[in-house]
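Counted from 1, the sequence shown has number 463 at position 90 by the numbering used here; the numbering is strictly sequential.
A few of these clues could be false.
As the list claims (entries may be wrong) - Computed list of lysine-lysine pairs in BS3-like fashion (alpha-carbon distance at most 27 Å, straight line):
hint : residue 1 : residue 2
1    : K567      : K589
2    : K386      : K479
3    : K684      : K671
Hints listed in this document are in silico derivations from the structure and should not be mistaken for laboratory results. Only a predicted model underlies this, so the values are computations on that prediction, with no experimental measurement involved.
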Amino acid sequence: MKTKRNLNTLPNKQTVVTIGTFDGVHIGHQKIIKRLINTGKAEGLQSVILTFFPHPRMVLQKDSNIKLINTIDERHDILKDLGVEFLIIKKFTHEFSRLSAEDFVKEILVEKLNAKKVIIGYDHRFGRNRNADINDLKAYGDTYGFDVEEISVQDINDVAVSSTKIRTALIDGDVQKANAYLGHPFMLTGKVTKGRGLGKKLGFPTANIEVKEAYKLIPKQGSYIVQSTINNKKVYGMMNIGFNPTVNGETQTIEVHFFDYDEDIYEANLKIELLERIRDEEKFESVEALKIQLANDKDTALAFISNQNAK
374 MKTKRNLNTL
384 PNKQTVVTIG
394 TFDGVHIGHQ
404 KIIKRLINTG
414 KAEGLQSVIL
424 TFFPHPRMVL
434 QKDSNIKLIN
444 TIDERHDILK
454 DLGVEFLIIK
464 KFTHEFSRLS
474 AEDFVKEILV
484 EKLNAKKVII
494 GYDHRFGRNR
504 NADINDLKAY
514 GDTYGFDVEE
524 ISVQDINDVA
534 VSSTKIRTAL
544 IDGDVQKANA
554 YLGHPFMLTG
564 KVTKGRGLGK
574 KLGFPTANIE
584 VKEAYKLIPK
594 QGSYIVQSTI
604 NNKKVYGMMN
614 IGFNPTVNGE
624 TQTIEVHFFD
634 YDEDIYEANL
644 KIELLERIRD
654 EEKFESVEAL
664 KIQLANDKDT
674 ALAFISNQNA
684 K
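Based on the sequences and whatever the hints tell you, model everything.
Structure, rendered in structure tokens:
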């Protein structure tokens, strides 16, 4: 997949295009993207996804506290794995938001992206103040020489999933529901940084994961079963999100204890995939009680992993 952030260096072949923020790249998005790729192959067109960053709400609603399922880099990696030929990441600005619907079609879809076909949801809206809909897009297609393929309400409702539902599931700690909607494990990506070293003293050394993107959604506090790929090796572990109240923690941390892995990964950038939630974070009456609980958590995680790998 070729990734472009500059609209002046785009494909000169005719293209099939879909447009959206695609936060989470969930199973509904994947249905659209599969149709995009198959159409491109069948009709000899290059498949293009036009997405936007920052999220429009971040720009247009200054008080927006929206949290996204993916960072832009995570979104890029998932789309790459799906087989899209071109990903165009258009910087969303106030100036861009004021572009009229026809100017967007003419300047972006036709002149820059060389669109021969646009695949879009029945409820898609675009242009200044989002005042144009799919019927307007079809009319512009007649004018500028491209076809519009509509993703029907039935197709979208058949999937019955949305980024909002996924965010809600993660905030509630329901990882399995979120993963089912996503079609892949929810992930946290960040650099391994120095912590207080408390995990090592407890017999459960941890990698502290620093997620630098403030807009990234962090799931409900508690303990999770996770997996990661480190130096091309799949490694399982358990992760805690929270304040470590038993040892008087003052800031929220994300700490992962990997099973059967003791190599130095300080400052490595890791992608942590969440598989299941074990329990809420709680304050124990003593450090010894915490150590016993951590051992129980490990047993729970290993049993889950063994059962999953046996399927």
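field: Proposed proximity, K479 with K386 (alpha carbon, max 27 Å)
entry: Measuring from Cα to Cα gives roughly 17 Å; hence the hint holds.
field: Holds or violated: K684 to K671, with C-alpha atoms at most 27 Å apart
entry: Measuring from Cα to Cα gives roughly 20 Å; hence the hint holds.
message: Checking one constraint from the list: CA of K567 to CA of K589, max 27 Å. Satisfied?
response: With Cα atoms ~21 Å apart, K567 and K589 stay inside 27 Å; holds.
Hint violations for this structure: none, all hints satisfied.
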